[in-house]
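Using the sequences provided together with the hints, build the complete structure.
Line order of the protein sequences matches chains E and F.
With the working numbering as the guide, the letters of the first sequence map in order to residues 1 to 447.
With the working numbering as the guide, the letters of the second sequence map in order to residues 448 to 885.
To be clear, the hints were calculated from the coordinates, so they are not data collected in a lab.
Values in this document were obtained by computation on a predicted structure and should not be read as measured data.
All C-beta atoms, glycine included, are put in the ideal place defined by N, C-alpha and C.
Any given hint could be a false lead.
FRET-style restraints, in silico, Cβ to Cβ [as the list claims (entries may be wrong)]:
| # | chain 1 | residue 1 | chain 2 | residue 2 | range |
| --- | --- | --- | --- | --- | --- |
| 1 | F | Q545 | E | A241 | 30 to 36 angstroms |
| 2 | F | A664 | E | A241 | 16 to 22 angstroms |
| 3 | E | A241 | F | P627 | 39 to 45 angstroms |
| 4 | F | K698 | E | A241 | 28 to 34 angstroms |
| 5 | F | I583 | E | A241 | 31 to 37 angstroms |
| 6 | F | R668 | E | D294 | 29 to 35 angstroms |
| 7 | F | D785 | E | A392 | 58 to 64 angstroms |
| 8 | E | L13 | F | I583 | 52 to 58 angstroms |
| 9 | F | K698 | E | G346 | 55 to 61 angstroms |
| 10 | F | G862 | E | T263 | 23 to 29 angstroms |
| 11 | F | K698 | E | P302 | 36 to 42 angstroms |
| 12 | F | Q545 | E | T263 | 43 to 49 angstroms |
| 13 | F | V585 | E | V28 | 53 to 59 angstroms |
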Amino acid sequence: MADTYLGLVNTPLPGKLARTLGLPRPAVLRRYTPGDPLVPGPVLVLGSGPGADTLAEALLGWDQDVRRHLRPEEKLGAVVVALDAVSRPEDLGAPLLELGPAVRALLPGGRVVSLGRPAEEAADPATAAARQGVDGAVRSVAKELRAGATANGIVLLDGAAADSPGALGALRFLLSGRSAYVDGQFLRVSAMPEPEEPAGAGAPLAGRTAVVTGAARGIGAKIAEVLHRDGAKVVVVDVPAAGEQLAAVANRVGGTALQVDITASDAAARILDHVKERHGTLDIFVHNAGITRDKLLANMDPARWNAVIAVNISSQLRINDELLASPVFSPEGRIISLASTSGIAGNRGQSNYAASKAGVIGMVRATAAAFAGSGRTINAVAPGFIETDMTAKMPMLTREAARRLSSLQQGGQPVDVAETIAFLASGPAGGINGQVIRVCGQNLVGA
Amino acid sequence: MSNQPGAGAGTTTVRNAVVIGGNRIPFARSGGAYAHSSNKDMLIAALDGLVARFGLQGERVGEVAAGAVLKHSRDFNLTREAVLGSALSAHTPAYDLQQACATGLETVVGLANKIKLGQIDSGIAGGVDSASDAPIVVSEGLRRVLLDLSRARTPKQKLAAVSRLRPRDLAPNAPTTGEPRTGLSMGEHQALTTAAWGITREAQDELAYSSHANLAAAYERGFFEDLMTPYRGLTRDANLRADTSLEKLAKLKPVFGAGLDTPATMTAGNSTPLTDGAAVVLLGSEDYARANNLPMLANVVDAEAAAVDFVNGQEGLLMAPVYAMPRLLQRNGLHFDDFDFFEIHEAFASTVLSSIAAWESEEFCRTRLGLDGALGKINRSKLNVNGSSLAAGHPFAATGGRIVASLAKALAEKGSGRGLISVCAAGGQGVVAILEAR
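Next comes the structure, spelled out in structure tokens:
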């Protein structure tokens with residue numbers, strides 16, 4: 001459903017009225033189209049540690065206009081603030097106070113990206129406090145930014161270098177239009193080998209084969225489109241009853257349609273047989289298929305409860321078991337599973353759905369532990385309020401409130417979820433494993 | 448995808464033509480889910496589903512052949528127009544073919560032969576029919592007046608043309624399935640054959656019951672998940688009655704053969720209803736299938752057509768396959784015992800039963816087919832094992848594609864053996880064909 005208010009507030013007169021009345025003023029987000037510049041203006045790099053120099057060099061290598069100090073009257077495309085060397089809370093002041101005026105100079109759709117290290121890896125409490133402090137500061141900046149700008153962070157795990165391929169891949173993603181609806185989030189990145197496709201390649205998924213379940217419409221169809229745009233061969237899967245729309249998606253993305261009910265006992269075998277016959281190897285598996293059967297728990301019946309568990313989590317567990325046992329699944333394989341902010345924060349009327357989606361998060365973390373160091377990764381993407389057929393059915397007032405409850409003051413688009421999934425499927429995301437990435441515009445729910 | 452270079456026309460060796468897969472839309476009852484869909488719409492839907500299943504987007508397929516029995520004059524280039532509306536490359540050539548209800552099977556035969564000869568590497572065969580969106584023709588009187596009017600130059604000539612118009616000329620000619628030379632409907636023709644062979648009501652109802660039970664079971668085990676793409680909200684053949692019973696079938700009133708001396712036995716339950724739908728089959732050479740990582744379900748081995756003189760009453764309208772069968776078997780050195788599946792199109796239950804009775808009759812086979820004795824018995828447990836037209840419905844030109852794709856999949860599932868197809872057609876014609884597992 002179109003966000004009428006967002007359209008209206010971005011025209012001159014109503015926009016002025018909204019400003020005068022102090023009403024929310026959601027911006028048209030800067031989204032990615034191939035060929036776009038990485039950021040809309042110069043990139044300011046703040047911070048004094050080694051990370052700042054390293055990232056400044058990397059940005060220069062990407063032909064970006066890099067500044068080390070704010071110039072008067074100059075507008076900025078992004079600010080990168082390196083806080084990877086902080087060891088006491090007092091270390092945060094100087095760089096963050098310099099970030100303040102820089103934020104004012106951000107162009108619409110600008111980006112703030114912090115670089116830090118995990119508090120839990122710190123040996124002494126003061127370092128842990130400083131590192132954890134980054135978390136609170138960046139999330140607050142994200143809430144202060146306007147005009148479609150976002151603030152996110154990169155956390156370097158296990159002593160990973162600032163210029164490790166995983167960190168640079170994450171930086172590129174967060175700076176780009178691909179992360180338009182990712183806000184107030186931290187990408188935790190481990191060291192990884194140099195990927196075959198360097199960050200920023202035109203077709204980062206060229207030569208890969210991807211399976212997307214629930215691909216006949218909505219977010220699933222968009223995932224298939226974005227994976228195809230990024231160069232992957234896509235096998236789209238959905239229940240036989242959705243075959244007509246599924247065929248249309250397959251024909252749009254030059255892929256193949258496979259009519260399979262993922263809850264069937266032979267679902268994984270049929271998917272793997274198809275991929276083996278047509279493509280040989282399976283590189284990317286996106287568990288997108290999901291259903292809702294909402295009822296307050298007091299009114300819940302076994303049919304509703306069981307259907308949601310069967311589709312949203314049990315099928316994923318069974319398919320993953322068979323993927324891992326199959327030689328068709330690549331040694332560098334990626335699994336990306338759709339969670340939900342309901343699975344993080346709970347949601348009234350969705351105890352079954354939230355249980356299944358929280359289950360996805362549990363599954364992802366446990367599987368990630370087994371994948372560690374293997375070359376394979378598994379991650380979850382948790383969408384917040386996304387404009388789909390499903391959310392269009394919400395009562396009008398609830399929908400309006402849900403849209404404005406995020407820092408970006410609007411719902412996300414299916415493409416926003418798809419972009420994050422495509423990033424996690426790409427070579428440079430090989431250092432991200434077992435994470436739950438929220439695509440929610442920094443929604444207040446479960447934040 | 449790449450097209451492998453062909454063996455080259457003019458080569459003397461013949462290569463295999465294989466069935467790679469198929470796609471159809473669920474068949475709808477006339478006036479049902481596809482009441483407002485044209486033949487072109489449905490053929491495009493069937494093609495697009497096939498393209499999606501096998502990833503043929505933008506591919507130049509060797510040739511597409513399809514047809515429709517009930518065809519509008521505007522659809523003179525139906526198949527090519529459907530290709531242009533589909534996700535296939537616009538560089539894919541296409542032609543229309545029409546052999547009444549044998550249209551679909553004959554397109555398979557024609558394209559398989561081209562593949563065998565190396566003229567093409569891949570092809571899509573099929574057919575479509577809409578009894579809902581049937582052409583309605585203006586009366587002969589009105590048509591002549593309109594044509595004369597278009598040629599008239601002076602007001603006087605125009606007036607003269609129009610003045611010939613009579614009120615009765617304004618009534619359109621409704622579409623009919625009647626035979627032009629006898630005026631009898633297909634059902635009335637079959638009623639004559641049914642009576643001649645003494646086919647009982649019970650036997651016909653039993654065959655109809657099996658057709659529904661077998662089709663329902665095939666759906667149940669997911670047999671059609673890679674043979675069918677839903678269309679316009681329909682996900683199963685609308686004619687299927689999974690819960691039908693011999694008792695229910697026995698209650699139906701006969702609709703054909705009421706004027707004969709013998710009791711009328713043919714009902715709406717043991718005759719196919721008017722149906723809308725489309726079906727297509729992807730064929731290719733072995734090299735084409737291998738080069739594109741496509742499955743090979745079955746080989747198209749051979750086919751034979753026959754025709755009978757039903758006009759002068761020497762043979763039943765739908766008995767031509769009975770004549771084609773011994774010629775096909777003889778040429779391939781095969782007997783009924785050599786087959787694991789029999790797909791005999793159920794135009795009417797009694798068509799199937801009359802054919803089987805004829806092949807089992809020593810006298811008939813001697814006198815009419817010129818054989819030494821009966822052609823043989825068909826093991827009924829191998830007959831139409833995944834249902835046939837009585838349950839699925841029969842959109843005339845689409846039936847051949849439905850049968851070929853389903854039989855090829857059944858052979859691939861079994862992993863060995865042969866299947867025999869028999870399709871009767873209006874005009875006293877029939878086509879039979881052999882598929883072989885790989």
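Here is how each hint holds up against the structure:
1. F/Q545 x E/A241: 30 to 36 angstroms: holds, 34 angstroms
2. F/A664 x E/A241: 16 to 22 angstroms: Distance hint for F/A664, E/A241 holds at roughly 19 angstroms.
3. E/A241 x F/P627: 39 to 45 angstroms: About 42 angstroms separates the Cβ atoms of E/A241 and F/P627, which means 39 to 45 angstroms holds.
4. F/K698 x E/A241: 28 to 34 angstroms: Distance hint for F/K698, E/A241 holds at roughly 32 angstroms.
5. F/I583 x E/A241: 31 to 37 angstroms: holds, 34 angstroms
6. F/R668 x E/D294: 29 to 35 angstroms: holds, 33 angstroms
7. F/D785 x E/A392: 58 to 64 angstroms: Cβ of F/D785 to Cβ of E/A392: about 59 angstroms, so the range 58 to 64 angstroms holds.
8. E/L13 x F/I583: 52 to 58 angstroms: holds, 57 angstroms
9. F/K698 x E/G346: 55 to 61 angstroms: holds, 57 angstroms
10. F/G862 x E/T263: 23 to 29 angstroms: For F/G862 and E/T263 the Cβ distance comes to about 28 angstroms; the hint holds.
11. F/K698 x E/P302: 36 to 42 angstroms: holds, 39 angstroms
12. F/Q545 x E/T263: 43 to 49 angstroms: Check passed, 44 angstroms falls within 43 to 49 angstroms.
13. F/V585 x E/V28: 53 to 59 angstroms: Roughly 57 angstroms apart at Cβ, these two residues keep to the hinted range, so it holds.
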